[in-house]
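These protein sequence lines map, in sequence, to chains F and E. Taking my numbering as reference, the numbering of the first sequence is continuous, increasing by one, and the terminal residue is 569. Taking my numbering as reference, the numbering of the second sequence is continuous, increasing by one, and the terminal residue is 119.
Simulated from the structure, these hints should not be mistaken for laboratory data. Be aware that a few hints might be false.
One-sided excerpt, in silico: chain E residues whose CB lies under 7 Å from chain F [stated by the list, open to error]: (1) Met47; (2) Leu51; (3) Val60; (4) Pro69; (5) Leu86; (6) Gly87; (7) Tyr91; (8) Trp100; (9) Val102; (10) Arg107; (11) Glu109.
Label pairs and their computed distance ranges (CB to CB) [what the hints assert, rightly or not]: (12) E:Gly66 x F:Arg482: 21 to 31 Å; (13) E:Arg103 x F:Arg556: 17 to 27 Å; (14) E:Arg103 x F:Thr260: 50 to 60 Å.
Residues of chain F clear of chain E, computed beta-carbon distances all greater than 12 Å [what the hints assert, rightly or not]: (15) Val14; (16) Trp153; (17) Ala169; (18) Val442.
Beta carbons: idealized from backbone N, C-alpha and C, even for Gly.
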Amino acid sequence: MNSNYAVPAVALVVVATVLVGAFGLRISRTTSDFYVASRTVGPRLNAAAISGEYLSAASFLGIAGLVLVQGPDMLWYPVGYTAGYLVLLLFVAAPLRRSGAYTLPDFAEARLASQAVRRLAGAFVVGVGWLYLLPQLQGAGLTLTVLTGAPEWLGGVIVAVVVVATVAAGGMRSITFVQAFQYWLKLTALLVPALFLLLAWQSDGAPRHAFEEPATLREQRVVRVDDSLDLKLEGPLTVTVTGTVDGRPHDRRLRLPAGTHHIEQGTRLTFAKGATVPAADRGTNGGISTSLAASREERPLYATYGLILATFLGTMGLPHVVVRFYTSPHGVAARRTTVAVLGLIGVFYFLPPVYGALGRLYTPELTLTGNPDAAVLLLPDRMIGGLGGDLLGALVAGGAFAAFLSTASGLTMAVAGVLTQDVLPSRGVRHFRLGTVLAMAVPLAASVLVGGLPVADAVGLAFAVSASSFCPLLVLGIWWRRLTPPGAAAGMLVGGGSAFVAVAATMAGFPRTGSLHALLAWPALWSVPLAFLTMVLVSLATAGQVPAGTAAILARFHLPEQLRAEVKA
Amino acid sequence: MPQHPTERRVVVTGPPRRERRVLGYYRPRTEIDEQTTLGHTYVRSLMRSQLRAALTVFAVLGLLVGPLPLLFAAMPDARRLEWAVLGFGLYVPLVLLARWYVRRAERNERDFVRLVEDR
């Protein structure tokens, strides 16, 4: 891919982010501005900001890559990301805003009057936030590597530095402008190339076999295998091999029988036109779209429902999502903002399936090279080529960087808020800046040191943990007056803790096959009910510890603002 | 009664309606503000109506989305249907559900304010 245009495009996005952030800096004067933009962000600006923040590397690159590799079942991801906002609207949006708290730990403390629950919630916020920051940094590394051949860690470092600079300098006020700007940038960066790609597809005779299974190659294609992998063949495959297959070196045309074959790193495979692209079984290896794939084949229905539950219920507990609701001026605005967000991210999610389908047509060999996430970046060059392809590719690359920057800044903001309030000694803007550096340093170190950590697992883990810890805390905290501090703590520990252990065990490769593997890889289906059940049962058992002010607090959560305003006056 | 003109010219300040409210004219408001049992009952009724609205929309969402994986598993040949529904078909219904809920929730709140303010 030609980097003559892509590098300036990425640089432009980075500079624009810093400039828009600096514009926010001029009007960000007070501590309240810093944390919650003084709660004066109107629904439209806030909705664009929330959407900009939410559409991460996983949405921009990951979904198309997942669809390319695993087919339309993976479209449940964007559906779940969107429906998660609907569930958030139904049960949480307005009361959460009316609670008047800054962060999730603030909410826990206000509702339950317990320092212990507050600290526990803070630990979960930091954990989920770090888990979600990792894929952003690794996605940035991948993009820069695909574009320029730069080392993997460089992209992550660039994103980390820019994010820390903008967040630490301007806080929430400047971030709001940055995020809103980046939503529109991301939409444009996917929409414009998609239109040209569809035109190219049309002039190509509008082939439709993208929807068939499995994907096939349209022309002879040489694939270089970057990481050793096991190839699962349903039937025999004729391929020209230059390299090592099944432990023996080859340099000729070869007919591989059905079964599993081990392909060594660095091998070149030349597929004939019309050949079926075989499925690679690489376990967990570092792409956004690989990893838990194997378990889906074993238990597709269970896995699909697990995915649906985790995304539907996990969205409300993502720290960078929740913190945005405090910036609405009141509960009614918080609700309307959420509807606008649903519309904006719904429009955006029309595009990744287009890239996924076109990727199955024009870049199916990416399933073998280990970088299916690069499909979105490579398609303009592959389908259009020339100057037009380069320019469109540059636009997509800029949009991808906007995705990493915006989500990473939102997460850093949320994690830094918790670190400043609960870990560092005193509150104030200077400590917030220290917190920002801390919030980014840990995931950056992890992404540089661990390198090939399975990224899809990190995202899935973040959603599953959030769905089984924060979802019960928020829903029961808002709607159930008999929730007690011990109940909330026990539910979060049992639900979130078991989800965490389950996915960590899967990542460590503990049970490789069977139903136990599926149960552990997609924990939401059992860990969410477990968390709710624990929270309810322990609360009922400790009924004497219902906080004294519960009735007044619930009244504050639910009473319309016009009643409250008059009470104060 | 003394008839001095100076005594008749007394300027009364402050909102007079507030006086009447304290005297029990707008009872529900006072009950809620002072957190009496009756006040809690009012808040509870609002919570119940809001929860009912949320659960209704949530149930519709479940009925809309829940059977889809089963449907797709039952019809493995209907790949194009799966692409169409998951790729493009669900976002508009989700936004419509959200708008429906917001309208209901805001109406519940308006009704509650009217009840409490006795208007």
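Quick rundown of the hints versus the structure:
{"no.": "1", "hint": "Met47", "verdict": "holds, 5 Å"}
{"no.": "2", "hint": "Leu51", "verdict": "holds, 6 Å"}
{"no.": "3", "hint": "Val60", "verdict": "violated, 10 Å"}
{"no.": "4", "hint": "Pro69", "verdict": "holds, 4 Å"}
{"no.": "5", "hint": "Leu86", "verdict": "holds, 4 Å"}
{"no.": "6", "hint": "Gly87", "verdict": "holds, 4 Å"}
{"no.": "7", "hint": "Tyr91", "verdict": "holds, 3 Å"}
{"no.": "8", "hint": "Trp100", "verdict": "violated, 10 Å"}
{"no.": "9", "hint": "Val102", "verdict": "holds, 5 Å"}
{"no.": "10", "hint": "Arg107", "verdict": "violated, 11 Å"}
{"no.": "11", "hint": "Glu109", "verdict": "holds, 4 Å"}
{"no.": "12", "hint": "E:Gly66 x F:Arg482: 21 to 31 Å", "verdict": "holds, 29 Å"}
{"no.": "13", "hint": "E:Arg103 x F:Arg556: 17 to 27 Å", "verdict": "holds, 24 Å"}
{"no.": "14", "hint": "E:Arg103 x F:Thr260: 50 to 60 Å", "verdict": "holds, 56 Å"}
{"no.": "15", "hint": "Val14", "verdict": "holds, 31 Å"}
{"no.": "16", "hint": "Trp153", "verdict": "holds, 34 Å"}
{"no.": "17", "hint": "Ala169", "verdict": "holds, 35 Å"}
{"no.": "18", "hint": "Val442", "verdict": "holds, 35 Å"}
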